[in-house]
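Student: Okay, here's what each chain looks like letter by letter:
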Amino acid sequence: MKEVLNSARVRFPAVSENESFARVVTAGFLMHLGVTPEILADLKTVVSEAVTNAIVHGYRGKDPKTSYILLELKYYSDRSLVISVTDRGRGIENIEKAMEPFFTTDREGERSGMGLPIMQAFTDSIRIVSKKGGTRVVMRKKLK
Amino acid sequence: MTWVCDPETLFLAKSGDEEAKRLVVETNLGLVKSIALRFTGRGVELEDLIQIGTVGMLKAILGFDPDRECRFTTYAVPLIMGEIRRFLRDDGWIKISRETKTCAAKIFRFTEEYEKKNGASPTMETVCRETGLSEEKVVLALESGRPALSLYETDEETGFSPEKIIGEDNIEKASLSIALREVVDALPEEERRLIVLRYFKSLTQEQTARMLGMSQVKVSREEKRILGKLRRNFYSDET
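These protein sequences, in sequence, are chains X and W. Counting with this note's numbering, you get residues 1 to 144 for the letters of the first sequence. Counting with this note's numbering, you get residues 1 to 239 for the letters of the second sequence.
Please keep in mind that the hints were generated in silico from the structure rather than gathered at the bench. Beta carbons are placed, not taken as given, at the ideal position from N, Cα and C, and that holds for glycine. Misleading hints may appear alongside valid ones.
[As the list claims (entries may be wrong)] Using C-beta positions, here's what the derived DEER-type ranges look like: (1) W:Pro7 to X:Ser16: 40 to 50 Å; (2) W:Arg225 to X:Glu38: 17 to 27 Å; (3) W:Arg221 to X:Ser20: 22 to 32 Å; (4) X:Ser7 to W:Leu46: 21 to 31 Å; (5) W:Gly63 to X:Arg60: 29 to 39 Å; (6) X:Glu93 to W:Ala186: 28 to 38 Å; (7) W:Asp185 to X:Asn94: 42 to 52 Å; (8) W:Leu212 to X:Ser125: 16 to 26 Å; (9) X:Gly28 to W:Ala105: 20 to 30 Å; (10) W:Arg42 to X:Gly28: 40 to 50 Å; (11) X:Thr66 to W:Asp65: 49 to 59 Å.
[Said to hold, decoys possible] No farther apart than 25 Å at their CA atoms in a straight line, the calculated lysine-lysine pairs in the PhoX-like style are these: (12) X:Lys2 to X:Lys131; (13) X:Lys144 to W:Lys117; (14) W:Lys101 to W:Lys116; (15) X:Lys2 to X:Lys141; (16) X:Lys74 to W:Lys137; (17) W:Lys21 to W:Lys33; (18) W:Lys101 to W:Lys137; (19) X:Lys144 to W:Lys116; (20) X:Lys144 to X:Lys62.
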C-alpha cells in the first residue's frame, strides 16, 4: 500500500515568466529525492512544456494575469512521482493529433510542436484529459 | 529621423571645441537613445544606458576621420553599442548572474568528473555536498545555465551561442530573429529538429540525443556542423 511522502500544489497566472518559476519549484521538490542531474533536467523540461502549452494554447487570447495554471507534485513511498498540470482554458480538440511530432496549431509563433512528444519521451506515462473547459496533463515517473 | 552632423562642426568638436562637442552630442542624442533602448530589460536603467552610450558617442567624435568615405553615424553606432556592451559585461545584473554562472560551471565540472570516476551520475544530494553549494544555489544555478533562444546566451555545455554564429556586428539588425528562423526552417527535417530541440526547446545534448535516437557524441558533432551551415546560409542570404 503506497503512501504519499511529499506533495506540493502551486497555482500561478499564465504569464511566461512563470515557466521558469514552475521549473524551479519542480527542481526544489526533487532535490531530496535522490535524482541525478539528467532526471532533474528531464522533469523540469516536462513541466516547462506542459506549462508552456497551457499558456500558449490553453489560454491563447485570454488575459494571462487572470488565467491560472495549477502544478501538482506528488511523491510516493514506492519512488513514483506524479506531476499534473491543469488549466481552465480552451481544451485540446484532437489529442492524438497533438501528440504527433511537429504538429502545432500555433500559427504565428515560436512554437515547434514538440511539446507533447518531449513530455512523452521523458516520463513513463502521460495521461491527458481535455474538454472545452480546460486541460489536465498527468505524468508519471518512477525514480530509481 | 536624421542625425545631423556637418563636417565643420565635427572638425571643431574633434579639435576640442567644447561648444561643438556639445552640439554634436545633442543633435545625436536621438541616435544614442535609439541604441540604448535595445539594451533595456537587463537590469540597467535607460538613463544610465544613454549616459554610457554618450561616452561612446564622444569617443566616436574624437576618432572620426571626416576624410574617409564613411558617414559619421555609421562610424559611431558600433562604438556606442560597444560602450554599452562593455558596461553590461562588467556591471549591471550580469555581475550578479556571474556568481550563478560560476556555480553552474562548478556543478557541471563536478558532475563530469564524478561520471568519469564512477560511471554513473551523482544524485543532487551528492552534488550539493561535494560542491559545498546550498540546495537553493544549485537549483538557481541549474536554471540560469539553461539557454533560452536569446541571441546573447552562451550554452554552458558547448560554448556556442547564436550570437557567435551570426557575428556580433549583424546582431542588431531588427529582422535578425526572423531571418534566423527562416534559415532554420529551410534546413532539412533531421537537422531542423536538432536545432529546434537544442535552441528553441533548450534541451541538453543528452536529452536531444534521446529524442532523436542518436548518441550524445553524434548530437555534439551534428550541432557543430549544422551551426556552421546556418552561419553560411545566413551570410549568403545577406549578399
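Student: Hints broken by the structure, by number, lowest first?
Tutor: Checked against the structure, the hints that fail are numbers 4, 5, 7, 10, 12, 20, while the rest are satisfied.
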